[in-house]
Each structure stands twice: as structure tokens, then as C-alpha cells.
Amino acid sequence: MSEKITKIILFIASFIIVIISAGMVLSLMSGAAPAFKEFGFKFIISTEWNPTEGKEQYGALQFIAGTIITSIIAIIICLPLAFSTSLFIGEYFRGTKLAKIIGTMVDMLAGIPSIVYGLWGFYVLRPLIVDLGFNAQGFGIITAGIILAIMIIPYATSISTEIIKMVSNELKEAAYSLGATQKDVIMAVVIPEARSGIFTSYILAFGRAIGETMAVTMLIGNTNIIPKSIFDTGNTMASVIANQFGEADGLKLSSLIAIGLILFVITGLINGLGKIMIKQFN
Amino acid sequence: MERVIKDKIFKGFVILFAFITISPIIMIIYKLVIKGYRQININFFMQNAPDTYEAMIALNAGKIIPGGILNGITGTLFMVIIASTIAIPIGLLIGVFLYENKNKFYANIVRDITDILQGVPSIVLGLIAYFWVVKSITNGFSALAGSVALAIMMMPLIIRSTEETLKMIPETIKEAGFALGVPYHKIILRILIPTSFSGLLTGSLLAISRIIGETAPLMLTALGSSIVNLNIEKPTSAVPLLIWEFYNDPNMVDLVWSSSLFLMGFVLFLNILSKSLNGECRM
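Those protein sequence lines, which keep their order, are chains A and B. The first sequence lines up with residues 0 to 281 when you count with numbering that gives the first Met the number 0. The second sequence lines up with residues 0 to 282 when you count with numbering that gives the first Met the number 0.
Bound conformation, chain A alone:
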């Protein structure tokens, strides 16, 4: 009898998370409905963002573009750094104290709150961008992209380091016995063996970059245009919600929620893809 009750309690608990998730989707959809009803599919392909009363017109394309461009820049900058760090911890200095220290410091990067990254970006990175002459104010896609790159490094290194450690020693030793250098072993054995794992960690890191809010909001410049170059200012889906939510109501609020829904769907798809890939090599 008590066994049954326990099982029922556990089942009910598990159902809570199903309800939360389903409720989230429903709430976002119902909140976004007025915007989609008003603008239809045009909401996704229009770049107009005009809150003037009577002529209200909202489109999300520039925010979707801003999000994807900043995240791609972040992943491009992050890639060589995170991959080198994974090799450093998982291959070159594997098991040493130095590797442990570096690993701990990378973990610490994950612990820094987003708003602190934003502050650091504003007071340290932004003046640097200005000095380099990229951009007069230092705000923009590139500034946000660099900060995002630092923020996602821990996510990009965590799984790939584990996978690189798991590459079988026999394969590596076989290559060494043929006279391969350590670089040859990495290129010919480690990378091909760990390929899918490394790729997965970058996908998950990309998913992280897409949803980041505060640091991006503080650095991207907050203009509602499609950036034409990486030195332009822009806005991401997350940053426009953070920026404009305070004074929003009616159709504008609904449009922001619609952007939240699109953001939810995109991150869900990316994380789902990452999860399928993890399952494949387990």
C-alpha cells in the first residue's frame, strides 16, 4: 500500500514539470496571439518596429538577425580558444595540477553573473574597441560577440574536454609508434575520434549564446535595425525584451512576448539537436 502511495507521489511530481513546460508554451502562445493575429507571418520577416500610436507596426527580423549574428561571432571567437583549452586540459597537460587549475578557472567563468560580464564589457572592452577605431562609441555587434564568446567558453569546453579524454590510448599509442608527433596524433586520431562530441559542445554553447540577455543588452547599442557590418549596433531578441518590456503594453507587449516565443522555439530546437547528438555517441 505504502509503495503505491510513494509511486503515485513520485509520478505526480514528475507530472509537475510536464505541466510547467506545457503551460509555458501555452502562455507564450496566448500572449503572442494578438501580435501574430495582427501581423501574421509578416511579423517574422518584417524589420519595422514602430510603436507610434495608431501606426503601430512590429516585426522581429532585425532581432532574429542580431541574435544569430552575435551568436555566430561568439562561436567563431570561442572555437579556437575553447578547443585549445580542451586540448590543454584533456591531452597536453592531462591529469597535471596545471590542468586542474586551468579547468577550475574555466569553471569560474561560468559562475560570473551576466550583469558583471556586461559591466566589464562596458568599462574595459568597450574603451578598447573605441581605441582600436572600430566604432566611435564602442557599442555594437562585435563588442557583444566578444563578451558572449567569453561567456560560452565553459559550455564549449566542458563536454569536449571529457570526450577528448575518452579517446582510447591504444589508438594514440599506435600512432605514436608509427612516428607521429603529438600534433599528428591530435589531427589524425583525437579530432576524428572526438569530432561529434566536440561539435555537440559547440552546439550547446551556441544555444547558450542565443539566450544571453544582460551582457548583450549593455553592449550591443540597442538599435532596431539589421546590422550591416559587425561594427554596427543592433539588438537581439533577448535584449529587446529586456529593454522595452518596462514600458510595453497592448500590441507592443504582445509583440515582445511573440519574440520570447520565437526565442524559446529556437533555443529549444538547438538544445534538442544537441541532445540527439549526445544520445548518438553514448
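Quick caveat, the hints were computed from the structure, so don't treat them as lab data. Where hints are given, some of them may not hold.
Stated by the list, open to error - Derived EDC-like pairs (lysine to aspartate or glutamate); straight-line CA-CA distance at most 16 angstroms: (1) A/K182 with A/E172; (2) B/K134 with A/D183; (3) A/K54 with A/E37; (4) B/K10 with A/D183; (5) B/K5 with A/D183; (6) B/K7 with A/D183.
To be verified - Label-pair restraints from in silico Cβ distances: (7) B/E53 with A/I4: 57 to 65 angstroms; (8) A/G271 with B/G180: 26 to 34 angstroms; (9) A/G94 with B/T51: 48 to 56 angstroms; (10) B/F104 with A/E169: 51 to 59 angstroms; (11) B/L276 with A/L170: 36 to 44 angstroms.
As the list claims (entries may be wrong) - Chain B stretches covered by chain A per the calculated footprint, using a threshold of three residues with CB under 8 angstroms from any CB of chain A: (12) 10–18; (13) 56–66; (14) 79–93; (15) 103–112; (16) 212–220; (17) 236–243.
We put the CB at the ideal spot given by N, CA and C, even for glycine.
With chain A fixed as given, assemble chain B onto it according to the hints.
Chain B in isolation, oriented as in the chain A frame:
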């Protein structure tokens, strides 16, 4: 010979890039300590945040800005406690459920949903809590709304860490319990949870350290308050919200460093505490 040189160059780049990767953490901590330590004194923990006028007078007189972040600290603790009270028991139960039903179809779905929930951007959770609590329950920005957003963020972390911790318990301990005829709920309460206690505690502390610096969802839910508030139906401040306010106010902008130093120190403290717990009591 050329191969050897290439090998050396490659290794050089790996080391260089690895050090570039960790340089931001050093630079960030350095900046926070250098700029922030002067503000941290007893008043920092005992007084509310100053208003912009007080800050301006102190600024013009060349003095240290008075006041502290008491309203932020109490708000953060208040909301974290409520969020933990919601998320930890439910997360534990779901973690046990997943552990007990390893590869069943429904359990796999729950596990997938948990993973997807973990990837949802925090600002979207802020929108959700705005709908569910601000709009429907408290009819205004409130500590409860902030706590709900944080709780939804914590839950997937607790679930997965619970499941992973329980997986490390040897089956034999559980079987010994069953062999003695111990009822199922007592196996969970008296065997599974005590033996994995340090792991569960670590998971909870890490989850708390993840949510404590969250700003975006609180902007849409708890909003902020200039006084200490411990009423769940009222707007409440939090340390990250104060940092955001200071950042946006030219008179108070100097205060961002001390508050950030405090926030960051708190997060790191929780991280180190949880890791040392796990290291010491690992079975």
C-alpha cells in the same frame, strides 16, 4: 625536422590560447577588487541603497557614497529561499522518479523536457513568471513572481544532479533494504537520500549559485525596491537589480563595483563550498 617544429608551434598555440581563455577571469576579478573594495564596510551590509540625490552630494564633496545594499541582499536571500523551497523538494522527487524508472518511455520524456527546460533563456522564464504571477496572482510586480522565475530555473538543475547522484549509490545497499522488507518510501527517505546527501547538497548549492546572479528575469518580475521588503506580494530588490540601477544612474555608477564584487564573491563562495562538500564526503 620540419614536423617537429610544426609540432612545437602547434603546442605553443594551444598553450597560448588556453591562457588567453582564462585571462578574462583574472582581469574581471582584478577590476572588481581594485575598484570595489573601498566601498565594502559595515554600512555596506547594514544600510539600504542611497538615493541618487545623496549619492550626488557625496560625489560632489569627493567622499565615498554613503549607504549599502541591504535591501538587495535581503531581497536576494528572500527570493532564493522561496525559490529553493519550491524547487528543491519537487526537483528531488522528480530526480528520484527518473532514477527509479530509468528507461521507461514516460521517464525519458520527462528527462528530455527537463533538459529542454534547462536550456530556456532566463528572460523567457521572466516572461512566464510575469504571466503566471504578476498578472494573475499578485496583480503587480512581486517577490513571489521573482521567486517563481528562479524556481523554474533551478528545478532542472536539481533534477539532473539528484538523478546523477543517486546513480552512484551501489544497487546492493538498496537491495539490502528491500531484503529486510523495508517499505519503499523508507528506502527513499532512509537509504537513498541519506547516502547521497552530500551530493544532493552540492547540487542544490550549485543550482543556487547559478540563479543568484540572474538579473533579466527579475527585471520582469520583482522589479526592485528602495527599502527592505519581506512581503511576497510586493516588489523586491535584489543585488543584481541594484547593480543594474546603479549602472543606469550616473551619480551612483561607482557603486556597481562593490556590489558586483560582493555578488561575485558570494557566487564563488557557494561554488567552492559545494565542491569541498562533495570532495570530503564522497562515498
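Hint check:
1. Using a Cα cut-off of 16 angstroms, the hinted pair A/K182 and A/E172 holds, with the two alpha carbons roughly 13 angstroms apart.
2. Between B/K134 and A/D183, the direct Cα distance comes to roughly 60 angstroms. Violation of the 16 angstroms bound is thereby established for this hinted pair.
3. With a CA separation close to 12 angstroms, the supplied pair A/K54 and A/E37 stays within the 16 angstroms bound.
4. In summary, the hint linking B/K10 to A/D183 is supported, as the alpha carbons are separated by about 11 angstroms, within the 16 angstroms threshold.
5. Restraint check for B/K5 and A/D183: satisfied, since their Cα atoms lie roughly 10 angstroms apart, inside the 16 angstroms limit.
6. Our distance criterion of 16 angstroms between C-alpha atoms is met by B/K7 and A/D183, whose separation comes to about 11 angstroms.
7. For the pair B/E53 and A/I4, the supplied restraint of 57 to 65 angstroms holds, since their beta-carbon distance comes to about 58 angstroms.
8. Taking the beta carbon of each, A/G271 and B/G180 are about 44 angstroms apart, not inside 26 to 34 angstroms as hinted.
9. The hinted range of 48 to 56 angstroms is satisfied by A/G94 and B/T51, whose Cβ atoms lie roughly 54 angstroms apart.
10. The beta-carbon spacing between B/F104 and A/E169, approximately 37 angstroms, falls outside the hinted interval of 51 to 59 angstroms.
11. Range check, B/L276 to A/L170: Cβ separation about 37 angstroms, and the 36 to 44 angstroms hint holds.
12. Coverage of the region 10–18 of chain B by chain A holds. Counting CB-CB distances below 8 angstroms, 7 residues qualify, and the rule asks for three or more.
13. For the region 56–66 of chain B, the stated coverage by chain A is violated: 0 residues have a C-beta nearer than 8 angstroms to a C-beta of that chain, whereas at least 3 were required.
14. For the region 79–93 of chain B, the stated coverage by chain A holds: 3 residues have a C-beta nearer than 8 angstroms to a C-beta of that chain, and at least 3 were required.
15. Residues of the region 103–112 of chain B with a Cβ under 8 angstroms from some Cβ of chain A number 6, which satisfies the need for three, so the listed coverage holds.
16. Under a criterion of three residues with beta carbons nearer than 8 angstroms to beta carbons of chain A, the stated coverage of the region 212–220 of chain B is upheld, 6 such residues being counted.
17. For the region 236–243 of chain B, the assignment as covered by chain A holds, since 3 residues bring a beta-carbon within under 8 angstroms of that chain's beta-carbons and 3 suffice.
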